[in-house]
Amino acid sequence: MVPGVTRYARLMGGLARFTLAREMAFRGNFLVKVSVELLWMGILIAFYRTVFAKTSHIANWSEPDYFFFVGCFFALNGLIETLFLENCNEFAELVRTGDLDFLLLKPIDEQFLISCRRIDWGTAPNLVMGAILMIIALVQKGWVFDPTRVAAFFATFACGVAIAYSFMMMLTSVSVWMVRNTSLMEMWWLFSSLARYPREIFSGRWAEPLGNVFTFIIPILLVSNVPANVMVRVLDPGMVAWTVTVALASLWVSRRFFHVALRSYRSASS
Amino acid sequence: MPIIEVEDLTKTYRVFQKRDGLMGALRGLYRREYKEVKAVDRIGFSIEPGEMVAFLGPNGAGKTTTLKMLSGLVYPTSGDARVLGYTPWRREDAFRRQFALVMGQKNQLWWDLPAGDSFQLHREIYSIPKEEFDRTLGELVELLGVQKLTRQAVRELSLGERMKMELIAALLHGPKLLLLDEPTIGLDVVAQAAIQKCLRDYHESRGVTMLLTSHYMRDVEALCDRVIVITQGRLVYDGPLAGIIERFGESKLVRLQFEEPAPEGLERFGEVVRREGPFADVRIERARVAETLGALLNQHALADVSVEDPPLEEVIAKVFEEARLAHDAA
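Protein chains in written order, with our numbering: chain A, 1 to 270; chain B, 1 to 330.
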């Protein structure tokens, strides 16, 4: 177990180094990408500042709590985009051209190699900016250190990443049958749009059932809501347990689904 | 014990049949027609360790599909195969460590990075000890004469140089089995010869087993003693290279050099392929070569004579054609 983990960690380090070297070879592109990401976050913060200038709460979230939530989403989304999004987005092309062949031939877990082989350093600043935003929000709130909350935050944050990754892997796997899967980005955009708002916005006669659907059936709302909640609002053990269960189940289901999809891989003609 | 054992291996693809025109495309949205295509049809063979075998066939014969099943990339529809003692499509790590697949038309190296970086990543993936990695890399780089190119981005290499790097990447982990799918396609004769020499030397020093598909008969003649021919997904010949010429090469080419200009009337001995000055090439039925040569020597003054088998391309083309006619008739 330990040698396996060490080997994969070393490999991840190697992949990170080589992709950074590749990004640096096209530094203009890299700098533009980083600037766009930072600008996008700056616009969002300015927008929420304007909203909070007119009101003290949005859907029962105070300003520092809400900014913690925004930071949490940015960090989580940044992590997903840095590690997995570009790889998953390229998967359909690998299937279409048959270049997937070489990844399947390597004596290493296929899912790891396919979903982690390239690190998108251009989106990595979102992770850092998200973390900074969370720290500023905690300071503004006058948050008192609580090890239980911190542990619950990191656990549910990891679960959020796992749920989002599983969702992305299932979307990616469909490419084996569809070959051309341009809908992946649209579906991911829908996913991240739902995950970027507090669950409380789904209030009212029609919206509440929808909120329940996205919490218990297609559990997108767990991704950033639960970690932000356990840190700055209510630490609900039931919700933490549900998030952990969903994360483990979605990892298992997405892995099975990915392997079933690979069985149908036809490998494009050479 | 054979390194590859194949029994009744079959692969059928379901291929979408697109209708013509806009209306056809719209109808395809709700009702699709598919055709079953048998890419490989109940083939069987076995290969012993250390053999170098050519796997030949016309385009679309099923060669690459077979190689992909043997390397575990695609699942067969039916039949069985054991490669290095493993069922390939289970893709166990222990199996994948022991072989390599080189595809002449595809690229496994990182396009924007120097090949040397891809080799390092390869070392991590295959867990090759550093000393062994450095030694093997040094040997291969020298063998292929690419010492100065490993720090150059792959996209800036010529096709021949890139193919050499691909071959190095495939051999770094010391595979016991090498599957080569048209490794010299598109290369000039110098690069082809370099790749052939590398494969031959590597085979001699490591005793690696090779299964090679190629449309270049020079590759086959330079490397392989045994030939497996497949057409329309079916195996039509499995035997020694010399045997295929014996079986399908019905004629021999007799090259004559007369002491005077080549005479008229050589047609009565066989098909005259060339006549220039004192030189003439005549294709003669294999069974009549001795008798015809005797007659020629009796009737003409010859300065030189040689008897050659027909070019391998010609023999192989004949095998493909005969198999196609037999398939169409069936």
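The hints are simulated quantities; they were obtained by calculation from the structure and are not laboratory data.
This one's a predicted model, so the numbers in the text were calculated from it and none came from an experiment.
For each residue, glycine too, the CB sits at the ideal point set by N, CA and C.
Treat the hints with caution; some may be incorrect.
Stated by the list, open to error - Stretch-level coverage of chain A by chain B, calculated; a stretch enters the list once three of its residues show a Cβ under 8 Å from a Cβ in chain B:
#: 1; region: 4-15
#: 2; region: 77-83
#: 3; region: 88-101
Do the hints match the structure? See the list:
1. Closer than 8 Å: that is the beta-carbon criterion, and the region 4-15 of chain A has 5 residues meeting it against chain B, so the requirement of 3 holds.
2. Given a C-beta distance limit of less than 8 Å, the hint that chain B covers the region 77-83 of chain A is violated, as 0 residues qualify and 3 are needed.
3. Counting residues of the region 88-101 of chain A whose beta carbon lies closer than 8 Å to any beta carbon of chain B gives 3, which meets the minimum of three for the stated coverage.
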